[in-house]
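Respectively, the protein sequence lines represent chains A and B.
Each residue of the first sequence is one higher than the one before, counting from 1 in my numbering.
Each residue of the second sequence is one higher than the one before, counting from 277 in my numbering.
Because the hints were derived from the structure by calculation, they are not lab data.
Since this is a predicted model, take the numbers as computed values, not measurements.
There is no bait here: all hints are sound.
Restricting the straight-line Cα-Cα distance to at most 27 Å, the calculated cross-link-like pairs of lysine-lysine (DSS-like) are: (1) B:K438 to A:K42; (2) B:K540 to B:K576; (3) A:K267 to A:K187; (4) A:K38 to B:K438; (5) A:K38 to B:K419; (6) B:K413 to A:K38; (7) A:K42 to B:K431; (8) B:K419 to B:K438; (9) B:K481 to B:K413; (10) A:K38 to B:K431; (11) B:K507 to B:K481; (12) A:K13 to B:K336; (13) B:K419 to B:K431; (14) B:K438 to B:K588; (15) B:K507 to B:K336; (16) A:K13 to A:K267; (17) A:K211 to A:K71; (18) B:K438 to B:K413; (19) A:K13 to B:K413; (20) A:K267 to B:K336; (21) A:K38 to A:K187; (22) B:K413 to A:K42; (23) B:K431 to B:K413; (24) B:K419 to B:K481; (25) B:K516 to B:K336; (26) A:K187 to A:K42.
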Amino acid sequence: MSTQTTVIEAGSKSTSAVMREVWAYRDLFMFLTLRDIKVIYKQTVLGFLWAFIQPFFSVVVFTFVFGHMAKVPSDGQPYAIFSIVAVVPWTFISSSISASGQSLVSNLNMISKVYFPRIIIPFVPVTAKMVDFGISLILIVAGMLYFGINPGWSILYLPIMILLMYLTAAAFGVWITAFAIQYRDVKFIIGFLVHLLMYAAPVVWPASLVKETYPVLWPWYGLYPIAGAIDGIRSVLLGSTINWDLIGLSALSTSLLLTSGIMYFMKRERYFADVA
Amino acid sequence: MIRVENLSKQYRIGAKVERARTLSEAVGSFLTSPLRNLRRLQGLTSFREDDEENVLWALKDISFEVNQGEVVGIIGRNGAGKSTLLKVLSRITPPSHGRVSIGGRVSSLLEVGTGFHPELSGRENIYLNGTILGMRKAEVDRKFDEIVDFSGVEKFIDTPVKRYSSGMSVRLAFSVAAHLEPEVLIVDEVLAVGDMAFQKKCLGKMETVAGEGRTVVIVSHQLDMVRNLCKRTILLEDGKKMLDGASADVIDSYLNSAIPEGVKPLFEVEEDSEMDIQIVAGRVLDAEGNLCANFDIYDKITLEIDYHVRSKIIGPTLGFEVYSGGVVLFASFQSDEQSNNSHQYDPGSYRCRMRIPSPLLKPGRYYLVFSIGVPRRMSLQRIEQALIFDVEMITKAGAYLSYSADRPGTIAVPIVWEQWP
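Put together the whole structure using the sequences plus the hints.
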């Protein structure tokens, strides 16, 4: 007989108690993530190729519209490769945000029938999307080989930038999941939110454009978490100047967004079954 | 061991909506509706002192203790707070006041197969469902062969669950649940859904669990199951603990308090346009089609049910249970004789007639429960004590002694006797 005791009371749990529970349920997190990975391409013809096709066609369209027609500057690089290295991480962030909005629907039954630390829910779709991201890195490698890009030593920073990208997506995911459970307005918001977020981030245009056009705004631009993640990945892959000030501020705003999101989520999670 | 102290839970019920009387009021209320909605949605989880009237106390000041190895049943009418208590004990919803402490590893089963994904194989679902129920991967690894054996679906273990028959997936799901090894088990009666064989397996497994010195709390409508499994029973009424004691005593006084004075040959239910399918009325009829609540043992008894279908629905089935003295004598479903229940119902009104053969029911009082649902998936409506009627032995009193109420046996069946010199 174990000495474990479960206490059920009104009010929120302590952070350390939640951390212990998350650790105890780490296998569930793994299997939920595996579920999301396995299920997404079931009964499709192209399967994992989709992870490839989506960013590929975005790049084709962007290169034509923004690169050739609108002549958007691309920091001296061919527009196609300039766009590939940003569209791939952007696809990860945007699909994580959309998946977070739906994670309520796909886990509603579990929430109302069984207890587990709910905080793992928003991290599941984001983690599962990392597989797609990994696959679409092939697109980046192919593009870099084709355009003969040598990133140099700065590529060593890539893992840090990917971590920043993951945390940014998770921060948005936590907020969206917590809102989506009580306010069904979220499903209407996500569609255009993703568009707004993309045009606010240096995806189709270079971050240097902000510096030139709005020099006053530039020191604050990093407050937008996605800006640092996208610009960071682009600069380490293309071997261009790394805007550490921008990335540093984004890292800070991402951690604020994530911590506050987790705190808000934990305050709300006990009531999910009541309001869902 | 479980200790429940002064447990209360409140829910917010919908506040009254004021109707607009003029166009300008309507426009005004349309424009301010987002604000109202926001307040309403926030209000779902915040409670102020001043609006007691919009608050429903699903549980009020409940205290009890369950000792190690004890098996306790929790009974009560619909809305008495059984499900809420179950959800609080399972940590699905928090209490508003009070405290529960549970010693030992807890598992709660509100349904079997939570989290099953149709696209995943049986193997993948065993791991997913097992970890959802709180097992570690290593634990599932260890029990995997046993789980597969118990379920009897070895051949299909790598087939997606969507290709399984519903019986197979229920067996697999139950098999995972049956291999949990909690010290404290909290179960809902949903475990008793499914076919008879499955129900028996459920009950058998629960008895083993109880026999192994584990603490079990069962929440159920099925009084005969509670009577069989639990020594002690707690009766809830309007969110309060009414009785707590030996199962036989509690169940008997529950039945006595629950028995309405007379018989009830018809019932009507208020229509609810939200329900896709709903039983709206029912009657007990004699051979001439007149309402009747007092039958002779040889009389033909006909049940009649009216129901509405409001939007297309696939595979629903009507059912009824005949209770006598708190025990289900038998149950019947419209789909009993159909192997494949995927009939689609178009919107409209339907009427069903069910004939109960005679003689079958011994003299006594019978209670009927009607339900409508999709087999093994969901129960949509359940009407307790919908109809009540008496059966007496009038026409042939004394001639057939085995049919009389004071003879052993619960049913009256004519048996053909042949004899040779």
